[in-house]
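Trainee: All chains should be modelled from the sequences, with the hints used to inform the complete structure.
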Amino acid sequence: MYSDKVMEHFENPRNIGELEDADGVGEVGNPTCGDIMKISINVEDDIIQDIKFKTFGCGAAIATSSITTEMVKGKSIKEAQKLTNKDVAEALGGLPPEKMHCSNLAADALKKAINNYLGLNGGDMCDDCDDKSGKHQ
Amino acid sequence: MEPIYLDNASTTPTAPEVLAAMKPYFTDTFGNASSVHAFGRESKEAVEEAREKVADLIGADEPREIIFTSGGTEADNLAIKGIAMQNREQGKHIITSAIEHHAVLHPCEYLEEYHGFEVTSIPVDEEGLVNPLDVAEAVRDDTVLISIMLANNEVGTIQPIAEIGKIAQQKGICFHTDAVQAVGSIPVDVNELNVDLLSLSGHKFNAPKGIGALYIRKGTRIVPFMHGGAQERGKRASTENVPSIVGMGKAAEIVKNELKEKQEKLTRLRDKLIEGIEERIDEVQLNGHRNKRLPNNVNISIRYIEGESLLLNLDLKGIAASSGSACTSGSLDPSHVLLAMGISHEIAHGSLRLTLGKYNTEAEVEHVLDVLPKIVEKLRAMSPIYNQKEA
Numbered sequence: 001m002y003s004d005k006v007m008e009h010f011e012n013p014r015n016i017g018e019l020e021d022a023d024g025v026g027e028v029g030n031p032t033c034g035d036i037m038k039i040s041i042n043v044e045d046d047i048i049q050d051i052k053f054k055t056f057g058c059g060a061a062i063a064t065s066s067i068t069t070e071m072v073k074g075k076s077i078k079e080a081q082k083l084t085n086k087d088v089a090e091a092l093g094g095l096p097p098e099k100m101h102c103s104n105l106a107a108d109a110l111k112k113a114i115n116n117y118l119g120l121n122g123g124d125m126c127d128d129c130d131d132k133s134g135k136h137q
Numbered sequence: 138m139e140p141i142y143l144d145n146a147s148t149t150p151t152a153p154e155v156l157a158a159m160k161p162y163f164t165d166t167f168g169n170a171s172s173v174h175a176f177g178r179e180s181k182e183a184v185e186e187a188r189e190k191v192a193d194l195i196g197a198d199e200p201r202e203i204i205f206t207s208g209g210t211e212a213d214n215l216a217i218k219g220i221a222m223q224n225r226e227q228g229k230h231i232i233t234s235a236i237e238h239h240a241v242l243h244p245c246e247y248l249e250e251y252h253g254f255e256v257t258s259i260p261v262d263e264e265g266l267v268n269p270l271d272v273a274e275a276v277r278d279d280t281v282l283i284s285i286m287l288a289n290n291e292v293g294t295i296q297p298i299a300e301i302g303k304i305a306q307q308k309g310i311c312f313h314t315d316a317v318q319a320v321g322s323i324p325v326d327v328n329e330l331n332v333d334l335l336s337l338s339g340h341k342f343n344a345p346k347g348i349g350a351l352y353i354r355k356g357t358r359i360v361p362f363m364h365g366g367a368q369e370r371g372k373r374a375s376t377e378n379v380p381s382i383v384g385m386g387k388a389a390e391i392v393k394n395e396l397k398e399k400q401e402k403l404t405r406l407r408d409k410l411i412e413g414i415e416e417r418i419d420e421v422q423l424n425g426h427r428n429k430r431l432p433n434n435v436n437i438s439i440r441y442i443e444g445e446s447l448l449l450n451l452d453l454k455g456i457a458a459s460s461g462s463a464c465t466s467g468s469l470d471p472s473h474v475l476l477a478m479g480i481s482h483e484i485a486h487g488s489l490r491l492t493l494g495k496y497n498t499e500a501e502v503e504h505v506l507d508v509l510p511k512i513v514e515k516l517r518a519m520s521p522i523y524n525q526k527e528a
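Taken in order, these protein sequences are the chains called A and B. Mapping the first sequence onto the working numbering, position 80 (from 1) lands on 80, and the numbers just tick up by one. Position in the second sequence (from 1) plus 137 gives the number in the working numbering.
A few of these clues could be false.
Unchecked claim - Mimicking DSSO-like on lysine-lysine, the simulated pairs with C-alpha atoms at most 30 Å apart in a straight line are:
id	chain 1	residue 1	chain 2	residue 2
1	B	K515	A	K86
2	B	K515	A	K75
3	A	K5	B	K515
Read the hints as simulated data drawn from the structure, not as lab findings.
Mentor: Laid out in structure tokens, this is it:
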């Protein structure tokens, strides 16, 4: 079902945790969805010096979070902002179609963390979820 | 350690004795059971012998009350569509429960959509039990079928089928039970259960996949939906799957003889698993009834983690299990059974089902109890909601 790359990240996730004095924090998803991703970043001289994630979710959710942190660590904010969920899925050698929506939100979480660092507003929680019913729209 | 298979509610391996009994019917005794010649007669005899063994396993009065099908799903389809069609002039109302297998729910939905039936779904309590009084209250003048499962496939809750059967009898309504998970796991007797129809599946008790049966009480009229030859007394056309029927007969004979022993062993292993998990992992909840439950079923929700990642981690350690998480259900919603029991989406996502079979050992259970807490610890360490709880 999952590519070797997904399984490799799932088995050995990189950069787990939360940064204590994070410069920016972003969270997407909710427990009803079944996937929550939280990314925290430390930024110095416009470069993401450190990044950590915490994820509640399936194998794809964990693997996408892990590879996202790896892809942007050491990159400039500008470069990191360009990262899309699609790029993340591609870097993992693809994801099963049913995982493309719910479990592939790490780039969104990153974007929120960057926006938070830049002092910009981003809507909170999973944009595609109706919090009351828990149903995806 | 060898891989550990704890997904016996999904399927079981074919027992070597069963396979051995089947083998001659592929090559030597290959005749069509409907043929008049010696080849055919030999196959026919084997089919009838298997029918007796299956009838014997579920306490049917006569072997001819057993109709072989391609599996549990076909048995459920035949029962529900067949009884509905047979009685459609009398009424178009069916009663079922919210926690049935899709092989019952979807035929009911089909009858609603294409044949104008109305279906009442009886809710369950938080332990997954149907209240027989709710069934009695739901009965209408136009009710033609009640279908409530004997034991649930996900949480193992055993329903008060005999009581519901009595209600159906008193009201003169046909009563079907899906006993796919129960047969071969607990004693099942169609007369004690007061059922008119009962579905069973071979591969849940060490027969091969692709063979099942529907018990149809003598005198119960039913419209077939497989039309063709006169096999199975006209109730299910198609050349008999002789090797598989023989296999199911053999498996029925074996499990009948060892049922008491098997039940005791699995209950002991089940309780060891449940107690071990409750002891070693905090914030877990047992889903389903603690005692009115199949001897082979453990269903536990582990908070703050998600089922699929739990299954993948177990799989990496050679342990096969299943989950009611949305990620494993093929839809965006977690198990309809857990939701019907009032369990929240969040808790349902973290459900883990371990189902035992005749080949599992004490050592395997101990190994699982050793491995599982470490996986839970690993996943909780990366769970943002576990952190929130501590904060």
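Trainee: Hints broken by the structure, by number, lowest first?
Mentor: Checked against the structure, no hint fails, so every one of them is satisfied.
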